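Given the structure of chain E, go ahead and fit chains P and X onto it with the hints provided.
Protein chains in written order, with my numbering: chain E, 1 to 313; chain P, 1 to 313; chain X, 1 to 313.
Just so you know, the hints here were simulated from the structure itself, not pulled from any lab data. Hints may contain errors.
When chains are identical, the list treats them as one kind, so a pair holds in a single copy or across two.
Unchecked claim - Calculated cross-link-like contacts (lysine-lysine; reagent style BS3-like; alpha-carbon spacing at most 25 Å):
#1 Lys59 x Lys112
#2 Lys268 x Lys59
#3 Lys293 x Lys271
#4 Lys183 x Lys38
#5 Lys233 x Lys300
Just so we're clear, the structure is a prediction, and the values are computed from it rather than from any experiment.
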Amino acid sequence: MRLPGVRRLLEGLLFHSRIMRPDDANIAGNVHGGTILKMIEEAGAIISTRHCNSQAGDKCVAALARVERTDFLSPMCIGEVGHVSAEISYTSRHSVEVQVNVMAENILTGAKRVTNRAALWYVPLSLANVGRITEVPPIQYEKPEQEEEGKKRYENQKLERFETKYRNDEYIAPVVNPGVTMKLMDEVAGIVAARHCKTNIVTASVDAINFHRKIQKGCIITVSGRMTFTSNKSMEIEVFVDADTLVGDTQERYRAVSAFFTYVSLNKDAKPLPVPQLVLETEEEKKRFEEGKGRYLQTKAKRQMSAQSLTQQ
Amino acid sequence: MRLPGVRRLLEGLLFHSRIMRPDDANIAGNVHGGTILKMIEEAGAIISTRHCNSQAGDKCVAALARVERTDFLSPMCIGEVGHVSAEISYTSRHSVEVQVNVMAENILTGAKRVTNRAALWYVPLSLANVGRITEVPPIQYEKPEQEEEGKKRYENQKLERFETKYRNDEYIAPVVNPGVTMKLMDEVAGIVAARHCKTNIVTASVDAINFHRKIQKGCIITVSGRMTFTSNKSMEIEVFVDADTLVGDTQERYRAVSAFFTYVSLNKDAKPLPVPQLVLETEEEKKRFEEGKGRYLQTKAKRQMSAQSLTQQ
Amino acid sequence: MRLPGVRRLLEGLLFHSRIMRPDDANIAGNVHGGTILKMIEEAGAIISTRHCNSQAGDKCVAALARVERTDFLSPMCIGEVGHVSAEISYTSRHSVEVQVNVMAENILTGAKRVTNRAALWYVPLSLANVGRITEVPPIQYEKPEQEEEGKKRYENQKLERFETKYRNDEYIAPVVNPGVTMKLMDEVAGIVAARHCKTNIVTASVDAINFHRKIQKGCIITVSGRMTFTSNKSMEIEVFVDADTLVGDTQERYRAVSAFFTYVSLNKDAKPLPVPQLVLETEEEKKRFEEGKGRYLQTKAKRQMSAQSLTQQ
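Chain E with its partners taken away, still in its complex shape (with noise of 0.2 Å):
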């Protein structure tokens, strides 16, 4: 009996694929965005480790320093499969680039769409010498625009990331479990969404999410969220994960992570209804509103813009 494709599985390429059970989903049968969110994670987190681990030299774990804007293309349901694929796009001195594709199939219809495209940005944290990152194996590529437009990738996600406000100077590091944290962000966006519109609400897209300290084990964590805007037909939540350490040498309360997800309301047919419109009363509401409509418009333009630009193709 031969083993089934087994050598094919090794080389840069991660497939995991599991049928969506009735936990995964709200009630509505719709999978949580934070259950996908996990899955790609899961993904991105194995075969980063692998790769950095590839050639001699310190052992370490690929920590996530930054996911992409990801968008939901399409929400799961239960019954369907999963399938997350995973691969390496680009690598630069200390830090891998994963591109992860999501895929829902109906196994009784075969119908298959993708659901996902997400792109994940670990950082090898040696297991030895803790703090210390480790030098990443170059990957080599098949054309050389592809080194080329990772670079691009890579000065820009470097840019966004020193940015943020709540960034850590000395070196990126990541929760314990980023994909589990990411799972309970989505959850507390959901509860303020669905408290909102009182209807069946999914997750429409995730801002770009950066890693900026570590949840060490033990630490308690407080997930919490607020709308700060809405269009005709979206929600935007902001979350805040933060981390207190309660027994340790220093006892503090810090940011760990925050992010901005938006929601949509869907009747039954899965068609997006219109949603009640935020109340603002204080000067500060106001200008978180127009913050979030200023993203809200830019990733607008940005849409159109690829849309014409594949259309021009």
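The following block gives chains P and X in isolation, referenced to the frame of chain E:
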């Protein structure tokens, strides 16, 4: 950005990879055999359900009818990545054989090893007509021998399945979630083994498991185990699953599944230890011990034969 | 007891909210009492550990010593959001009392109702010196009566704890994860109740639970239950947790926890149904029934008294 390898995903193969977590394992860090069995069954259920719906006709769900005897060649550890790959290896008119391979990968060192090879039989149950078994689309074989050999395995499992004492005459109908049930069975067997030898124990093999009767939603299941046989370095534990239909038209308790698990005791270097011999008191116990000895000697003889045939090739 | 206000979030208050999922509930959609107990205990453990480490000195973990009698005022349902809030209500030199409130929110309608109020006692155990109980920083009371009443509750629980038969003379030492243990206890009680009346059943209350002896990592626990008493519309089930230390210096089996759970049977409109009366055969069973009747009448009397005192205010 191209979709990495998505097409390769959809040609009769299925991959599933995940990192083994502390709660997949016992306190010595060895992943429970039950965790592996559950992963194997999930992959088998996905690939066979997909195949059985690949032609026009009644939509159906592939229900587990039988797991062939499975050896655990090497225990998996926390932090390793488990890779499950599944492939359809034979189809009869009403059943599908799935071959599943499990590999452990240490992503820090790159070392890989096969930990399990399993064969599972599924039967497609119609979703529209409860109890109806639908037809299985035939697969293409690369070589004619493959079909011949598959047919032999098919006849053999059919025979064995009809010989077992708890069979249901009407039709094969599996448990709601057979993977979870097998995980519970392994857990009970592990407790019986640990109580007996009070050391670190791991699953060495599982006898063929036949799923005779459906365990319905809302049933209470009782999983019980008893040690039946000890050799110098192994223990055989018989495990029963009984189901109670509490809230239904007819209240009854019935034997849903039973199987033999073989456990070994390991020292700190993962070498097998001698196990205390079973003390036999009743005639029943002596009879069961002799039957267990028969299974043990038969398995040993088969292994020697297959080792010889490998040497001669 | 008032519901603690949102502003004081970070000064001795803790909030936790999450959506109830299908696997939190039984097939009728009612969330298991055990799921609620686990959420209550997690909030209690966090807030008391945080408080006990708020002053310089030995770092410690707050260990659950006792849960006061808890009523389940109304069952929670799948899709509702459960809100747990916890507040420290009394401190003695070596123990902390935490008041926990649980509310159910239907986020679609906005309706909210209190489902539980619980009081838990924690004892801070030093991390550096195993077995040493550290000192608890005193809290500030808004009114002097609060301290007086807290002291009465403290004396009362101390007395009751010392009266129970399985107490450990040396020191209070909780189970590794008391929340998980309580969830298992509720599950066993629920099976006993469902077998007896074969209908949809829900937890109505839990007797005070005392944690006498630690359940160590690697222990095998056996949770068993027996019905002790039935009134017209309720069933009392006694649940035992026994621990086996399999792999240690001393092998023994000991009673770790025991408690009485009261269950009611509900019809489709969530109204209580009459329950079949317990058939008593042995003298032991008759004795236990009479003791159960005593507890039942005592609780009933207490409830009537507190209802009267509320009317008179």
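Now the hints, each set against the structure:
1. Taking the closest pair of Cα atoms, Lys59 and Lys112 come within 25 Å of each other only across two copies (16 Å); inside a single copy the shortest separation is 38 Å, beyond that limit.
2. Taking identical chains as interchangeable, the C-alpha atoms of Lys268 and Lys59 lie at most 25 Å apart only when they sit on different chains, with a minimum of 23 Å there against 51 Å within one chain.
3. For the homomeric pair Lys293 and Lys271, the shortest alpha-carbon distance inside one copy (23 Å) is at most 25 Å, but the shortest distance between copies (49 Å) is not.
4. For the identical chains of this complex, Lys183 and Lys38 are neighbours both inside a copy (6 Å) and across copies (20 Å), given an alpha-carbon limit of 25 Å.
5. Within a single copy, Lys233 and Lys300 get their C-alpha atoms as close as 13 Å, which meets the 25 Å cut-off; across copies the closest is 53 Å, which misses it.
Consistency note: the structure conflicts with none of the earlier hints.
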